[in-house]
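A.B. asks: Those protein sequences? They're chains A and B, same order as listed. Numbering follows our numbering, in which position 175 of the first sequence is assigned residue number 175; successive positions increment by one, without gaps. Numbering follows our numbering, in which position 113 of the second sequence is assigned residue number 113; successive positions increment by one, without gaps.
Hints are not guaranteed to be accurate.
Said to hold, decoys possible - Derived BS3-like pairs (lysine-lysine); straight-line CA-CA distance at most 25 angstroms:
1. A:22 with B:30
2. B:118 with B:132
3. B:30 with A:161
4. A:161 with B:136
If you are wondering where the hints come from, they were derived from the structure by calculation, not from laboratory data. Quantities reported herein were computed from a predicted structural model and do not represent experimental measurements.
Residues per chain are reported as follows:
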Amino acid sequence: MDRIEEEQTIERCRHGDLEAYKMIYERYEQPLLRTAVRLLGRQQDAEDAVQDAFLKLYRGIDSFRSGSRFSTYLFRILLNSCFDILRKRKKADFADTDINGLPVHSAHEVRHSLAEAVGMLPRQMKACFTLYAVEEFTHEEVGRILGISPGSVKANVHRAKQKLRAWLSASSQEEAKT
Amino acid sequence: MSLKKFDDYEKGREQEALEARLQAEIDSLKTPISAPHLWKRIEAMLRKEETAARSRPEARTAAYSTRPARLLRKWFILVPASALVLIGILLALFLGLGQRGTPSGILAGDALQKIELKEREYVQAVDELEKKARPKMAAMDLEMVSLYRDKLETIDAQIRRCREALASNPANAHIRRYMLAALQDKRQTLAELLAYD
Chain A
1 MDRIEEEQTI
11 ERCRHGDLEA
21 YKMIYERYEQ
31 PLLRTAVRLL
41 GRQQDAEDAV
51 QDAFLKLYRG
61 IDSFRSGSRF
71 STYLFRILLN
81 SCFDILRKRK
91 KADFADTDIN
101 GLPVHSAHEV
111 RHSLAEAVGM
121 LPRQMKACFT
131 LYAVEEFTHE
141 EVGRILGISP
151 GSVKANVHRA
161 KQKLRAWLSA
171 SSQEEAKT
Chain B
1 MSLKKFDDYE
11 KGREQEALEA
21 RLQAEIDSLK
31 TPISAPHLWK
41 RIEAMLRKEE
51 TAARSRPEAR
61 TAAYSTRPAR
71 LLRKWFILVP
81 ASALVLIGIL
91 LALFLGLGQR
101 GTPSGILAGD
111 ALQKIELKER
121 EYVQAVDELE
131 KKARPKMAAM
141 DLEMVSLYRD
151 KLETIDAQIR
161 RCREALASNP
171 ANAHIRRYML
181 AALQDKRQTL
191 AELLAYD
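All chains should be built: construct the whole structure from the sequences, respecting the hints.
C.D. replies: And the structure:
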């Protein structure tokens, strides 16, 4: 879907056309789900967040200004839904567990564990890393989604990568020993 | 090749390998997630919402704006902004009545100097607080950052408008007072932010 098609689809959404919402869903389903899973850690919660984001989109589509980037707007809604869920969960041990406290895994577990390691990053760092490194938004776009400065995004991504590199390095050394 | 150079070369290679491995792992995080029933759930919910919106006299947008979180967020900005405008008007009226020696709303030379001095003090205090607030904001909860940012942006816009108006009319007492009130509000907001746990 190119930008013009997207604008036309959004215009149809403004008129309450559910087929247009389906087109938006099909275009953004995977990035939205991936981001929500990374932030929330559970697929069921991620699906709830995406569902809630679409309800908010439906209710607030008139507030979207043409000319702005729609994906930034949609992800901002999604992130708010994710934070609502996290707030409801009230599990302090999930969001801010220190990655340095993670156990070292063997090589065949790395893929699963790297996702876990990302999940253990502090909330803001995790959001910055996922949006920038996985979903390939620019620093400025991530800043707009999260309401923070691009400099702050850069710093968070840098710190997240440092932690993940350290974790990978530790798991490689463990692998070499065994 | 000297031993040091060889060590550096080895470290560089290790670093490169680690970077490549991290990138590969990041790429693996893009694996598709299967959620076969999600659209059906969303569609059902949107249809329900559509029916509910039709049965209500107000439009969909009105339903959105009455949600508690939105409403709270709007109030968070609107209440202080309205209070600021009101204070500005009251101050302007009060001082306008008190200054009978000068034409209405125009500051005399010494009064203007005093106000400019006060403004400079506020600007300085605000700059210092802003410097302290930046690292704090980077570490704060995103929702709170967003709220404070919105409020500060509203105040900044008011300050900007005052500066623009003062550029062509520097002795206007109403605008000067309004600007002082905005600076005071910004200082207070930043102080609140710094005190937030």
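A.B. asks: Evaluate each hint against the coordinates.
C.D. replies: Hints, one by one, checked against the model:
Using a Cα cut-off of 25 angstroms, the hinted pair residue 22 of chain A and residue 30 of chain B holds, with the two alpha carbons roughly 22 angstroms apart. With a C-alpha separation of about 21 angstroms, the suggested pair residue 118 of chain B and residue 132 of chain B falls inside the 25 angstroms cut-off, and the hint holds. For a cut-off of 25 angstroms, the pair hint linking residue 30 of chain B to residue 161 of chain A stands: about 17 angstroms separates their Cα positions. Only pairs whose Cα atoms come within 25 angstroms are accepted, and residue 161 of chain A paired with residue 136 of chain B is accepted, the gap being roughly 22 angstroms.
In summary, the structure agrees with every hint in the numbered list given earlier.
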